[in-house]
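Peer 1: Build the complex: two chains, separate frames, hints provided.
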Amino acid sequence: NAGVTQTPKFRILKIGQSMTLQCTQDMNHNYMYWYRQDPGMGLKLIYYSVGAGITDKGEVPNGYNVSRSTTEDFPLRLELAAPSQTSVYFCASSYSAGINEQFFGPGTRLTVL
Amino acid sequence: DAKTTQPPSMDCAEGRAANLPCNHSTISGNEYVYWYRQIHSQGPQYIIHGLKNNETNEMASLIITEDRKSSTLILPHATLRDTAVYYCIVRVGSSGYALNFGKGTSLLVTP
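Protein chains in written order, with our numbering: chain A, 1 to 113; chain B, 1 to 111.
Isolated chain B, as found in the complex (with noise of 0.2 Å):
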């Protein structure tokens, strides 16, 4: 699975929208784009994935680069319900078996 790198932490506003970005420059054209959160001391969630398309659904938005390279999601009106790490994992669809979390993006969301 390719590597991603996601910025720590990031700070966003009540109503605003979150923009959270991903970097996979090493991803390869079978490889998907997943996006989980997990909020403080529950399960991962899953969010939304995509392979190369824009992607939205009734949570968030995935906007993918034209190369791939990397990924944004999209939360169009944060809450402070959606404070959470959000985790960017790449995969093969078809192989594998774990979801590869690593550290994720911190999202603080404040009144």
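Looking at chain A on its own, in the form it has when it is part of the complex (with noise of 0.2 Å):
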């Protein structure tokens, strides 16, 4: 099994921009989240999936979107780039939103200049 795995692993956007971080489990899980992490800080989750088309929206949700079509993948939509959205973005997943462990992606690491 890969686990999960994102993509792109850097990226730079200049402000205004959109692009999309891509995630996928192979893990057969049905939850999903989005966390991003700020230097020196921990994790904050912005948004999370209980499964295909079910999604909801975490900490700090604003400036991003989420679908959920398939039990593997869950994008993570940037619309209008700003430079608060400078930060690393990891995903996870785990098999419930009980006691289980949460299984996370290498993140991805964006600068937005």
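Don't read these hints as lab results, they were simulated from the structure. The beta-carbon is built from N, C-alpha and C at its ideal position, and this holds for glycine as well. Check each hint, because a few of them may be wrong.
Derived coverage of chain B by chain A (criterion: at least 3 residues anywhere in the stretch with Cβ under 8 Å from a Cβ of chain A; other residues may be distant) [claimed, not checked]: (1) 41-47; (2) 100-110.
Here are the simulated DSSO-like cross-link-like pairs (lysine-lysine), alpha carbons at most 30 Å apart as the crow flies [to be verified]: (3) B:K3 - B:K103; (4) A:K44 - B:K52; (5) B:K52 - B:K3; (6) B:K52 - B:K69; (7) B:K103 - A:K57; (8) A:K9 - A:K44; (9) A:K14 - A:K57; (10) B:K3 - A:K57; (11) B:K103 - A:K44; (12) B:K69 - B:K103; (13) B:K69 - B:K3; (14) A:K9 - A:K57; (15) B:K103 - B:K52; (16) A:K14 - B:K3; (17) A:K44 - A:K57; (18) B:K103 - A:K9; (19) A:K44 - B:K69.
Peer 2: See below:
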């Protein structure tokens, strides 16, 4: 199993540009999450999904959108990129929302200039 | 979720045991203690979790005090590859979806 994969690894955007961060998991997990991590800080939840077709906002959803058309994929869309969105983005998945561990991808480092 | 308090940084000599403390004095009876770690620039990695009994797996041991107000993660024989930020997270097992990462403890394992 590849686990959780994310693309791209790095990206530089100009203010106002848009992009999609890709996330795929091959563990047949129902739950998927997007976190962001600012320098020196812990992770904050942006959006999560409990299954295909079902998504909900986390702690810091403004400026982002998500979709979940399949169990495997959970892309994160940035519209009108702003410098405040410069961060490292991690995608994660878990079998359930309970005591099961979350598996994290390697992250996407995004810089908005 | 209960709030956790961890020291910002710790050092440990390679080959020695690393004991990372976590205070969670407001923990509720149905809240679990989780430990994750994040090696530089990588995604967080699950280590271990427990409710009230001590737990051990191939990576570490988790010691939870009898009153559950604090816990200690033990890496029995620390290696240089254990240098990472360690996060103690307390949450109810069956509710909520986010892991509330604080700032964690930055563990430096030295030769």
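Peer 1: For every hint, state whether the structure bears it out.
Peer 2: Taking the hints in turn, this is what the structure says about them:
Given a C-beta distance limit of less than 8 Å, the hint that chain A covers the region 41-47 of chain B holds, as 6 residues qualify and 3 suffice. Interface restraint, the region 100-110 of chain B with chain A: holds (5 residues with C-beta to C-beta distance below 8 Å; minimum three). Between B:K3 and B:K103 the CA atoms are separated by roughly 12 Å; this keeps the pair inside 30 Å, and the hint holds. With a C-alpha separation of about 27 Å, the suggested pair A:K44 and B:K52 falls inside the 30 Å cut-off, and the hint holds.
Restraint check for B:K52 and B:K3: the C-alpha separation of about 17 Å stays at or below 30 Å, so the hint holds. Our distance criterion of 30 Å between C-alpha atoms is met by B:K52 and B:K69, whose separation comes to about 10 Å. At most 30 Å may separate the alpha-carbon atoms for a hinted pair to count; B:K103 and A:K57 meet this at roughly 23 Å. With a C-alpha separation of about 19 Å, the suggested pairing of A:K9 with A:K44 holds against the 30 Å cut-off.
For the proposed pair A:K14 and A:K57, the alpha carbon gap of about 25 Å is at most 30 Å, so the pair holds. Of the supplied pair hints, the one linking B:K3 and A:K57 holds, its CA atoms being roughly 22 Å apart against a limit of 30 Å. The suggested pairing of B:K103 with A:K44 holds, with an alpha-carbon distance near 11 Å, which does not exceed 30 Å. At most 30 Å may separate the alpha-carbon atoms for a hinted pair to count; B:K69 and B:K103 meet this at roughly 19 Å.
Restraint check: the Cα-Cα separation between B:K69 and B:K3 comes to about 11 Å, which is no more than 30 Å; the hinted pair holds. About 24 Å separates the Cα atoms of A:K9 and A:K57, which keeps this hinted pair within 30 Å; it holds. Annotation: proposed proximity of B:K103 to B:K52 holds, straight-line Cα distance about 24 Å (limit 30 Å). Between A:K14 and B:K3 the CA atoms are separated by roughly 38 Å; this puts the pair beyond 30 Å, and the hint is violated.
This hinted pair checks out: A:K44 and A:K57 have alpha carbons roughly 12 Å apart, not beyond 30 Å. Distance hint between B:K103 and A:K9 is fulfilled; the C-alpha atoms sit about 23 Å from each other, no more than 30 Å. For the given pair, A:K44 sits about 25 Å from B:K69 by alpha-carbon distance, which is consistent with the 30 Å threshold.
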